[in-house]
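As given, the protein sequences belong to chains P and A, one line each in that order.
Residue numbers 142 to 452, in the numbering used here, belong to the letters of the first sequence in order.
Residue numbers 12 to 434, in the numbering used here, belong to the letters of the second sequence in order.
No lab work stands behind these hints: they were computed from the structure.
Check the hints yourself; a few may be wrong.
[Said to hold, decoys possible] Below 20 angstroms or equal to it, Euclidean Cα-Cα: the simulated DMTMM-like pairs (lysine to aspartate or glutamate) are: (1) P:289 - P:356; (2) A:325 - P:233; (3) P:321 - P:290; (4) A:352 - A:307; (5) P:321 - P:358; (6) A:325 - P:229; (7) A:295 - P:358; (8) A:61 - A:348; (9) A:295 - A:283.
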Amino acid sequence: MGWTRKDLLSIRELDAAEIVLLVETAASLQEIAGREIKKVPALRGKTIVNLFYENSTRTRTSFEIAGKWLSADVVNFSAGGSSAAKGESFIDTARNIAAMSPDVVVVRHASAGAAEILARTLPCSIVNAGDGAHEHPTQALLDLLTIKEHKGHFEGLSVAIVGDITHSRVARSNIHGMRKLGMTVTVAGPPTLIPPFVQELGVKVAYRLEDAIRDVDVIMMLRLQQERMSSGLIPSLREYSRYWGLTLDKLRAEARPDVLIMHPGPVNRGVELSPEVADGPYSVILDQVAKGVAVRMGVLLLLAGARGEAA
Amino acid sequence: MSLLVRNGRVVDPANSLDAVQDVLIAGDRIERLGPNLTAPGATVLDATGKIVCPGFIDLHVHLREPGQEYKETVATGTRAAAAGGFTAVCCMANTHPVNDNRAVTDYIRAKAETQGVVRVYPIGAVTRNLGGEALAELAELAEAGCVAFSDDGKCVMNAALYRHAMEYTLPFGTPLISHAEDHALAQGGAMNEGVVSTELGLPGIPAAAEDVMVARDILLAELTGAHVHIAHVSTAGAVRLVRDAKARGVRVTAEVTPHHLLLTEEAVRSFDANTKMNPPLRSKRDAEAVLEALIDGTIDCIATDHAPHASSEKEGEFDHAAFGIVGLETAVGLLMDRLVKPGIVPLPTLVARLSRDPARLLGLPGGSLAPGAPADLTLLDPAARWTIEPARFQSRSRNTPFGGWTVTGKPWKTIVGGRVAWE
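Let the hints inform the model, and build the full structure from the sequences given.
What follows is the structure, given as structure tokens:
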């Protein structure tokens, strides 16, 4: 099957075959990173704008490298804070950028739905690089690619996603993707960080870390945002890390020996992950980052309509 | 100057009338009702096949003047009202400056006198500058013509102050209209809290943010003996509280908007900011509960919460967008099409909730076609099929989620004080 969408806005809107196509396309592009000359002409003459309304190092750099390895012209546009703060509205900024005829706009924004709003306003392809607490589809795709490479398959795997589920776009995209591919998902965290009715997305909920990580194939730890304490959702970092931080002891006591530890980054060492776990043998965190470039190359390639020219 | 409205189906719930009759208007008053009336010299309006009702009253409208004339003015807002079949509107106090003093009330009334095409009844602020900290000059506002008091858009969070407002206004017979929303529970929310907000990653406003304040306001009404009117009831919990309170004899009344009757949180999936309002679109269960309450009278009336905003305030990010939608020009068509046509709400019930009941609730003239009543009439064409086109609104604003909906039933003519204000 081929790719027919103009945009990549969410994992929720994709079917399993589309997700697999994206993951497989990314897998085939991984070897470019090992080449002496990391450049293929697939997107020569195409223009990609990275429209980042939220601070991001990893994701923006990843998209930039992906575009450049594909020979596209990549422009970074960083708007500090909200569009309102700048004076120009989000939509006006977007229309101005669209007037310069980019082929793809990659957008990161603190507001849920920002990518969808762009997609119905602009004629070019839109890639959602994270919109508020809604979705972060390329993160889920790189997580899936990482899981596939380490476990060989998706069907029947079990995953625990641990931490601040309520505010996590990574959790949402992964929940949709993993469920569509036949995986079992448990979300875990203090009840104040578990969104209401999350079970209706087809996941189980655990309120103890030990229960969540027992016998799963993958543990995905999420970053805890520091501001969650000021809003009264958790009492202290100390208490959070005591009950929800993943340490070697807890891992050895509860988890399977072949478990994968994942984290979308950036890691709060000593909060959700102890350094021994983050750097330990179970961790595939840096592998995730490497696969991020391949996934973004795949997405850009499929959206820019240059399939098959990569080799 | 006489006007004879001939041969229409006259639906006048205040007088238990639903029959094909003529209505004779003399000057600005209803003169007589009956079959085959004759009135030499009267202008004759053939209403065959049309529905003749007491003028519709919307007791929850934002006219935005003074201060936000780019959204709406008394002139455009009352034209929208007339075009939508309303002969009177009550305008909320959250203007700039706030309608918390007589000068602003006088200004609004003067504007309405010179530029309004329907009757305008100002609602005064409960607290100074809607600040929630000190009472506005309520007695003078009442004397100046404010028909109720509300900090609508905000909730008076200080229960003691709200209690004092209830007590202080008791002698005026002016109800307090509560925007029931616990600010802390609702803080930062952009839509109803539920499975849809969880999926969309939008911050949710729990139903409990409304319910706890409805409960508080009912208890304070019980304590003080004041009449409290709950604006835009949107939850099953609030319905239950109002129903129980009414059964106990508490002086509580309530309104519901067309959008809370007809839409649910599912509409937000589009991330279209025209589905963003406060209170937010709720769950299906809530929508069913408010509809049931409207039919059984637990909810007394329909009000639009007409809240005009410029396109720039609605086209961007959902969580940054302004709350509210316009409603004056869509309400009647939507309600006739979605509630009356399928037989869910009998036409006389709908007419009562739009005319008799809001008039009684605020003690306004109108709401009845009895001889001697003001000649405010809403004439409906039940067969007209039309598509809602925001570009054709009389309102200065276009923010509606109902654009493109095709409905059957439309305001035909709007008569205010014996004169045709819209056709």
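Hints, verified against the model:
no.: 1; hint: P:289 - P:356; in the structure: holds, 18 angstroms
no.: 2; hint: A:325 - P:233; in the structure: holds, 13 angstroms
no.: 3; hint: P:321 - P:290; in the structure: holds, 18 angstroms
no.: 4; hint: A:352 - A:307; in the structure: holds, 18 angstroms
no.: 5; hint: P:321 - P:358; in the structure: holds, 17 angstroms
no.: 6; hint: A:325 - P:229; in the structure: holds, 14 angstroms
no.: 7; hint: A:295 - P:358; in the structure: violated, 38 angstroms
no.: 8; hint: A:61 - A:348; in the structure: holds, 15 angstroms
no.: 9; hint: A:295 - A:283; in the structure: holds, 19 angstroms
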